[in-house]
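All chains, full assembly: derive it from the sequences and hints.
Chains as they are written, first to last, in the working numbering: chain A, 878 to 1024; chain B, 878 to 1024; chain C, 878 to 1024; chain D, 878 to 1024; chain E, 878 to 1024; chain F, 878 to 1024.
Note that these hints are calculated values from the structure, not bench results. Among these hints, one or two may not hold up.
Covered, in the sense of this in silico footprint (three residues per stretch, anywhere, with C-beta under 8 Å from a C-beta of chain E), are these stretches of chain B [what the hints assert, rightly or not]:
| hint | region |
| --- | --- |
| 1 | 896 to 909 |
| 2 | 951 to 965 |
Keeping only pairs whose Cα atoms sit at most 27 Å apart, straight-line, the calculated DSSO-like set for lysine-lysine is [as the list claims (entries may be wrong)]:
| hint | chain 1 | residue 1 | chain 2 | residue 2 |
| --- | --- | --- | --- | --- |
| 3 | A | K938 | F | K938 |
| 4 | B | K1014 | C | K938 |
| 5 | F | K1014 | C | K1014 |
| 6 | B | K938 | C | K938 |
| 7 | E | K1014 | F | K979 |
| 8 | D | K938 | E | K938 |
| 9 | F | K938 | D | K938 |
| 10 | C | K1014 | A | K1014 |
Ideal Cβ placement from N, Cα and C applies to all residues, glycine included.
Protein chains: 6
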Amino acid sequence: MTSEVQKAGRPVALLTRQESFSAAHRLWADSLSDAENRALYGPCANEYGHGHDYVLEVTVKGAIDPATGMVINLTDLRDAMRELVVSHVDHHHLNHDVAICKGLNPTTENLAVLFWDRLGTRFPGLLDEVRLRETPKNWVVYRGERT
Amino acid sequence: MTSEVQKAGRPVALLTRQESFSAAHRLWADSLSDAENRALYGPCANEYGHGHDYVLEVTVKGAIDPATGMVINLTDLRDAMRELVVSHVDHHHLNHDVAICKGLNPTTENLAVLFWDRLGTRFPGLLDEVRLRETPKNWVVYRGERT
Amino acid sequence: MTSEVQKAGRPVALLTRQESFSAAHRLWADSLSDAENRALYGPCANEYGHGHDYVLEVTVKGAIDPATGMVINLTDLRDAMRELVVSHVDHHHLNHDVAICKGLNPTTENLAVLFWDRLGTRFPGLLDEVRLRETPKNWVVYRGERT
Amino acid sequence: MTSEVQKAGRPVALLTRQESFSAAHRLWADSLSDAENRALYGPCANEYGHGHDYVLEVTVKGAIDPATGMVINLTDLRDAMRELVVSHVDHHHLNHDVAICKGLNPTTENLAVLFWDRLGTRFPGLLDEVRLRETPKNWVVYRGERT
Amino acid sequence: MTSEVQKAGRPVALLTRQESFSAAHRLWADSLSDAENRALYGPCANEYGHGHDYVLEVTVKGAIDPATGMVINLTDLRDAMRELVVSHVDHHHLNHDVAICKGLNPTTENLAVLFWDRLGTRFPGLLDEVRLRETPKNWVVYRGERT
Amino acid sequence: MTSEVQKAGRPVALLTRQESFSAAHRLWADSLSDAENRALYGPCANEYGHGHDYVLEVTVKGAIDPATGMVINLTDLRDAMRELVVSHVDHHHLNHDVAICKGLNPTTENLAVLFWDRLGTRFPGLLDEVRLRETPKNWVVYRGERT
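What follows is the structure in structure tokens.
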């Protein structure tokens, strides 16, 4: 027997998974002077860095497969987040020993774009949003949009 | 006296209410073989099911009524969620003793669509989004979109 | 050295900050009779008011500045929220001793519009969304849209 | 068949229920001068009051009844909290229209003691702890102890 | 160099780890009649069960080892919780396909005692408290105490 | 007028305040070899450190002052936490540029003891508990107890 909800075409839904990682970082722009960096970033520019329990939320959007009742398998989304992002940054210092962050000023904005670019290669056409929470009080969303 | 915010036309806002329910479910597609089901759904396909404290968040969107300062009365939204959804599924097993889920493979995606269809009859033209959180780490959003 | 994510144009991201305040309020429409107010708002119309720990989340949207890696400086967003909203309403009764709420029926919808209007003067063209959580179970989003 | 955990005597456990209510209050000691009140309580002494979404957590402690597997029935604890506390204070101003708070300076400490005294009459010898959260960042615990 | 905090004897601290699991259950006492069960447990006695996202918090108490700065290694606590509890119950129905729950009426109280007994064998003399959250609004604590 | 709850002696209550800070740290015991450190602490021993959004909860216990209705003024507790702890560690690397952590292996256990010792000088005889949450899934409590 088939439920009513599966009869009238294919609904399009958004599926989100949350993972977390703990990392250190320092905000520092190589193109700016020391004084400019300290004025711009305040204590976030302290030399040895500080850290966060980052929360990463990744959303894919697509038609619900009538055979499985899923957009994609949640375990595939979880595994991609762990393999392409979390395993690289968790328990590391983003400015010093993370290859995928080399040369990057690790603001939340730049990290969200980086993670989008990496995850987009795994889910072409499905990625809808990357949300990166730096603290419980501030976060960034990136949806692949460019000027 | 009338505030400035009520003078310049009618602002359009989104109002969201959160309710929760506790239910058991098993992921199982009748169209697939036993082996396929177990490969696809893993432990979610265990015979007797498992369960969640589901969190349901429903958003309506509309102009703020200048007489009341509300999009709709929050108690109407709350009551509809309880009457049309929560009272049917709370403390039940979605595969076995829930009439509105009969024939449905209770993935989070399918449930979100089902709940949208039920709530849409109560708030025609107002429903904006149904968000169903299966666990604190994964959730589905459905906005009535179809391919 | 410049990271790949900074090479291909300017990504557009959304930055959100969360602040909170504790206030009392009473829902009451001057244009309605006492009986109508009590029927419409129920216990929210009780004479002396009640209160909430409101949570305010403000989102700005813009291109990430390649020099700073930021949409805007998070401290500017935080300071604007505190100066233009929180300092006016925190530890006050919205119906009685808050100048910016004078004449306003303090529903969550009306407050969200008021806060949008105030913050929009500080961040012209950047404000994307104001989310005001009245309790953990209900909240309003306003995006500057009008009918 | 009886599980091992039910064989060796009667384990003593603690059962906690959480309820919430929204109320306004003003901190004000009748025994102090106006200036003293304002110096002591700061913005909490503002004339019309402010408010909170209070969270009340009540713990009972007792032997697990081998017939039921429960310390007491959770629904009895929930009902007592609603009847003896929440129904009196929810959506009211603690200084003005709450009979059980008459004459009380509604600090979190005084409220916790008041709620303990009321709930203790329902669960004599069982009440272990009353925890009252005024905001997510401060709370009071009272365990019936006196100097 | 040694910090002041490590000089004056060995401080005794409590270390807690949180894990979670999703399971179905039905409250049912074999010693009671059908009518008694339904009167006592209400909807929790529905035939096919319902479910929760249980949160398990386990606390060990002991002196901080001056060589390591730890009570015990947090990974040992985490691994024990997963091996002795979570792996047995996660994504299962506690009444039907969980060997360690065989014959147990799966109230939160009984589960907390069961988990304490299992974890105590791994950390003799160190276990301080098992806290099992059935929903965000009710939980049980067991500290090994018996009448 | 005096409420009933203030008549029968002086109730003893516990008052808790929560503050947070973001810091980097590396677990490393100077008394152990490199290999031992890496075996013991795993990724927590990575050279440049990682980080957390620490949550600090401090509890004082005392009689409620009948004149004020408070154990101590919450603002005094908040200010002490900020002055004696948060201002020293927030946005710093605990191993490199925090004077109060000099020589300390910054495990959560050691930090909790350090913070207790500092706060105890401000609230002699009143401090009841320091709870330090390293991540949402693990935390340490210290109550001044020593072997």
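These are the hints, each one checked on the structure:
no., hint, in the structure
1, 896 to 909, "holds (count 5)"
2, 951 to 965, "violated (count 0)"
3, K938/A / K938/F, "violated (52 Å)"
4, K1014/B / K938/C, "holds (26 Å)"
5, K1014/F / K1014/C, "holds (24 Å)"
6, K938/B / K938/C, "holds (21 Å)"
7, K1014/E / K979/F, "violated (42 Å)"
8, K938/D / K938/E, "holds (21 Å)"
9, K938/F / K938/D, "holds (21 Å)"
10, K1014/C / K1014/A, "holds (18 Å)"
Figure legend: structure checked against the earlier numbered hints; hints not met, in rising order: 2, 3, 7.
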